[in-house]
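Chains as they are written, first to last, in UniProt numbering: chain A, 1 to 363; chain Y, 1 to 379.
It should be emphasised that the hints constitute simulated quantities derived from the structure, not laboratory data.
There's no promise every hint is true.
[What the hints assert, rightly or not] Simulated coverage check for chain Y against chain A, where a stretch passes if three residues somewhere in it have a Cβ under 8 Å from a Cβ of chain A:
(1) 37-47
(2) 50-57
(3) 98-111
(4) 114-128
(5) 217-226
[Unchecked claim] Partner residues aside, some chain A positions facing chain Y, computed with beta carbon under 10 Å:
(6) 24
(7) 25
(8) 46
(9) 89
(10) 93
(11) 303
(12) 306
(13) 307
(14) 311
(15) 314
(16) 321
(17) 346
(18) 347
Note that the structure is predicted; figures quoted are calculated from it, not measured.
Backbone N, C-alpha and C define an ideal beta-carbon position, used for all residues, glycine too.
Here is how the chains run, residue by residue.
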Amino acid sequence: MTTTVPRSPAKVSFRDRLRRLAETVTTPLLPEDYLDLVAPLRAGAALRGRIVAVRPETPDAATVVIQPGRGWRGHVPGQYVRLGVDVDGVRQWRAYSVTSVPGGRDGRLAITVKAIPDGKVSNHLVRRARAGTIVQLDQAQGDFVLPEATPERVLLLTAGSGITPVMAMLRAGLHTRADVVLVHSAPTPDDVIFGAELRALAERGALRLVERHTDTDGLLGVHELDDLVPDHLDRETWACGPVGMLDAVEGYWASRGLADRLHTERFRPTVISPGEGGTVTFTGSAVTVEADGATPILEAGENAGVLMPSGCRMGICFGCVLPLRQGAVRDLRNGDLTTAVPGDGVLIQTCVSAAAGTCDIEL
Amino acid sequence: MTVIQKKAVNPIAHLSAEDIEIIGKELDAIRDRVIADRGERDAHYIRKVIKTHRTLELSSRAVLLFSFFPPAWIVGTAGLAVAKILDNMEIGHNVLHGQWDWMRDPKIHSTTWDWDHVSPPDQWQHSHNQLHHRYTNVVGKDNDLGYGIMRVDEDQPWHPVHLGQPLWNLINACFFQYGIAAYDLELGHNLREGRHKAPEFRARARAVGRKIRRQVLKDYIVHPLLSGPSFLSTLAATFTANLIRNVWSHSVIMCGHFPNGVETFEKTSIEGETRGEWYLRQMLGSANISGSKLMHIMTGNLSFQIEHHLFPDLPSNRYQEIAPQVRALFDRYGLKYTTGPLPKQVASAWWKVIRLSLPNRRTDRRQPVAPALASSGAA
Numbered sequence: 001m002t003t004t005v006p007r008s009p010a011k012v013s014f015r016d017r018l019r020r021l022a023e024t025v026t027t028p029l030l031p032e033d034y035l036d037l038v039a040p041l042r043a044g045a046a047l048r049g050r051i052v053a054v055r056p057e058t059p060d061a062a063t064v065v066i067q068p069g070r071g072w073r074g075h076v077p078g079q080y081v082r083l084g085v086d087v088d089g090v091r092q093w094r095a096y097s098v099t100s101v102p103g104g105r106d107g108r109l110a111i112t113v114k115a116i117p118d119g120k121v122s123n124h125l126v127r128r129a130r131a132g133t134i135v136q137l138d139q140a141q142g143d144f145v146l147p148e149a150t151p152e153r154v155l156l157l158t159a160g161s162g163i164t165p166v167m168a169m170l171r172a173g174l175h176t177r178a179d180v181v182l183v184h185s186a187p188t189p190d191d192v193i194f195g196a197e198l199r200a201l202a203e204r205g206a207l208r209l210v211e212r213h214t215d216t217d218g219l220l221g222v223h224e225l226d227d228l229v230p231d232h233l234d235r236e237t238w239a240c241g242p243v244g245m246l247d248a249v250e251g252y253w254a255s256r257g258l259a260d261r262l263h264t265e266r267f268r269p270t271v272i273s274p275g276e277g278g279t280v281t282f283t284g285s286a287v288t289v290e291a292d293g294a295t296p297i298l299e300a301g302e303n304a305g306v307l308m309p310s311g312c313r314m315g316i317c318f319g320c321v322l323p324l325r326q327g328a329v330r331d332l333r334n335g336d337l338t339t340a341v342p343g344d345g346v347l348i349q350t351c352v353s354a355a356a357g358t359c360d361i362e363l
Numbered sequence: 001m002t003v004i005q006k007k008a009v010n011p012i013a014h015l016s017a018e019d020i021e022i023i024g025k026e027l028d029a030i031r032d033r034v035i036a037d038r039g040e041r042d043a044h045y046i047r048k049v050i051k052t053h054r055t056l057e058l059s060s061r062a063v064l065l066f067s068f069f070p071p072a073w074i075v076g077t078a079g080l081a082v083a084k085i086l087d088n089m090e091i092g093h094n095v096l097h098g099q100w101d102w103m104r105d106p107k108i109h110s111t112t113w114d115w116d117h118v119s120p121p122d123q124w125q126h127s128h129n130q131l132h133h134r135y136t137n138v139v140g141k142d143n144d145l146g147y148g149i150m151r152v153d154e155d156q157p158w159h160p161v162h163l164g165q166p167l168w169n170l171i172n173a174c175f176f177q178y179g180i181a182a183y184d185l186e187l188g189h190n191l192r193e194g195r196h197k198a199p200e201f202r203a204r205a206r207a208v209g210r211k212i213r214r215q216v217l218k219d220y221i222v223h224p225l226l227s228g229p230s231f232l233s234t235l236a237a238t239f240t241a242n243l244i245r246n247v248w249s250h251s252v253i254m255c256g257h258f259p260n261g262v263e264t265f266e267k268t269s270i271e272g273e274t275r276g277e278w279y280l281r282q283m284l285g286s287a288n289i290s291g292s293k294l295m296h297i298m299t300g301n302l303s304f305q306i307e308h309h310l311f312p313d314l315p316s317n318r319y320q321e322i323a324p325q326v327r328a329l330f331d332r333y334g335l336k337y338t339t340g341p342l343p344k345q346v347a348s349a350w351w352k353v354i355r356l357s358l359p360n361r362r363t364d365r366r367q368p369v370a371p372a373l374a375s376s377g378a379a
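Next up, chain A with everything else stripped away, as it sits in the complex (with noise of 0.2 Å):
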């Protein structure tokens, strides 16, 4: 049983009179339940935001404006903001740069998303979504930001979609503070996401670009750059790309004694590999089993003592769900994957999931 420590009346507001009448009158809903039918953006409702334009940037690449909510808090150049979109009915949660100057007009913000093979959310949003359509936020996040106090010299080294939180830093101003080298990989001059603005910026003199097409020039070496940019190690280097370009990069100013020069940006912190089996951890107990792909995570748990809350045990009563905080699971009855990253917690059912890779259930 939850205790509550009695308020004092006098310190119950009216604003909390009010909304414990207006709660009294729309029981078992709440009033933002109604409230939420007309006015999806006011203040005091969930973070939300309506999408108000889609703009094409290269065959693959999209930007997104959006008005978000009277919640918003805004955000500061090089963090990222979590969105949560229905994609065929179901809501997916993924992570985007904000590529919008703070501030900006009527309080929008904009992102950039580049279509990634097979991504569900990255391809809905570049090639379906439409003004109008409804998206969920939570506030800006992420230490991918410049310091109060911006360095001299800064390189920022960049590949695909690792432009957008770069962009952000730029389009506020960062090379009129700084002497900037930005060294960035695309496969082919069309694929430079924003390529037209950052060679008007280039040819200004605002910074000196290094344009990498992988297509024709192969991969960037973390050791070209000895030659591309000579006082790279001089530099406040801020780096955003895929997982084996930072791992190249933080390897080698580590190597240097140079990590703390060196800020960087993963956008997928964890790979999930599905497979048969794996690890499951209960967040709560701090039990951990190994599961194999054919045994239900209820089973799982219960045969490592963990309390676990079931139903029918045949995955029609729905008594046995709970959050998968990361990791993935599969459904016995069609096979169907489930997939969670940090943050995510996606609901599933216990009795007719098993683990396809490690998972973390939280209990």
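Starting from the known structure of chain A, fit chain Y onto it as the hints suggest.
Chain Y in isolation, oriented as in the chain A frame:
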């Protein structure tokens, strides 16, 4: 072991164990097809129903602020009754079944949903999803067979107290949501066993009490008060809307498993039941209601009780779509797909309640078991 029939004419005598397994596979295939196709259209459907419900409830309550004016009373009461029916049937029942969990919308989810009903969702989910859907029509296991207050099967022992069951049923229909709350609490059973003082029971009873308090406060105090001079007429309107909703849900739910043609099963019949046999029990233990699309929505698509019992977690808007395939399967295997218009099914269910308030007549007595067992290779 498998489904056991006690009737002289065994409806599954002609099926072999292989037939039953093939039926199971065919039903699995229907299920898989729906799941593979589940998406945007379905999400749009449930959101639209929820929006319709909220708009209708809000506008009906607004109209009832002027309920001293008779046309406003009629319009507001009718609107509120429909809103409450939508809330309980097409939305509440189905969301609480987890039919929309796949959308991953935390607001439309079996773990967060609450309905305009005095039974707390988790208690209802236990007695309904877990017990009734699992032990469908198994005498002694599925309490939905007469809700513990009625005798609706010849195999349930008769007691003089059953003489009054037509009256209980009528009263239960009028106050159905309270009946369900008491049923979910297993009130009678717990009182008889003296378990009403156990902490677990008391916690559950308190949860029901909280819900009743909030529902009563809303319907019979706050909204009438907000209507000012229309206090009494709004009170009467809300009472009427609740009554209509109760009688309607009771009627629909009676049609699901009580009408003639529905089979019941023995406790021992579910030991070691295969998936095919489980499906078969759901097929024979449920009955549909025929009617228009609007009728189906107002019954929460429980007019497709057979399809719902086969696939309790598929989105309700799909039952109508798959019904022809399911029915074709019944036909192919010579099984009886029990269905009929609402008045006929309600009358049939009521007739059973009345008939079984009396002890079994000698001629009604069912024949002893044996031959049925052989049908699916169990003998």
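Evaluated hints:
Remark: the region 37-47 of chain Y is confirmed as covered by chain A, as 7 of its residues place a Cβ nearer than 8 Å to a Cβ of that chain, reaching the required three. Look at the region 50-57 of chain Y against chain A: 3 of its residues bring a Cβ nearer than 8 Å to a Cβ of that chain, three or more, so the hint holds. Proximity of the region 98-111 of chain Y to chain A, defined as three or more residues with a beta carbon under 8 Å from a beta carbon of that chain, is established by the 10 residues found. Using a Cβ-Cβ cut-off of 8 Å, 5 residues of the region 114-128 of chain Y lie near chain A, which meets the minimum of three, so the contact claim holds.
By the rule of at least three residues with a Cβ nearer than 8 Å to a Cβ of chain A, the coverage given for the region 217-226 of chain Y holds, with 5 such residues. Of the supplied interface hints, the one on residue 24 of chain A holds, with its beta-carbon coming within about 5 Å of a beta-carbon of chain Y, less than 10 Å. The interface hint given for residue 25 of chain A is met, as the beta carbon of that residue sits about 6 Å from the closest beta carbon of chain Y, less than 10 Å. Annotation: residue 46 of chain A was flagged as interfacial toward chain Y, and the flag holds, the nearest CB pair being 9 Å apart, inside 10 Å.
The restraint placing residue 89 of chain A at the interface with chain Y holds, with a minimum CB-CB distance near 3 Å, inside the 10 Å limit. For residue 93 of chain A, the interface hint holds, since its Cβ comes within 10 Å of a Cβ in chain Y; the closest pair sits about 9 Å apart. The interface hint given for residue 303 of chain A is violated, since its Cβ lies 21 Å from the closest Cβ of chain Y, which is over the 10 Å cut-off. The interface hint given for residue 306 of chain A is violated, since its Cβ lies 19 Å from the closest Cβ of chain Y, which is over the 10 Å cut-off.
With a cut of 10 Å, the hint placing residue 307 of chain A at the interface with chain Y is violated, because the nearest CB-to-CB distance is about 15 Å. Hint status for residue 311 of chain A relative to chain Y: holds, with the closest Cβ pair at about 4 Å, below 10 Å. Interface hint at residue 314 of chain A: satisfied, since its Cβ lies 7 Å from the closest Cβ of chain Y, which is below the 10 Å cut-off. A least Cβ separation of about 6 Å between residue 321 of chain A and chain Y falls short of the 10 Å threshold, and the interface hint therefore holds.
Residue-level restraint check for residue 346 of chain A holds (minimum Cβ-Cβ distance to chain Y is 6 Å; threshold 10 Å). Checking residue 347 of chain A against chain Y: minimum C-beta separation of about 6 Å stays under 10 Å; hint holds.
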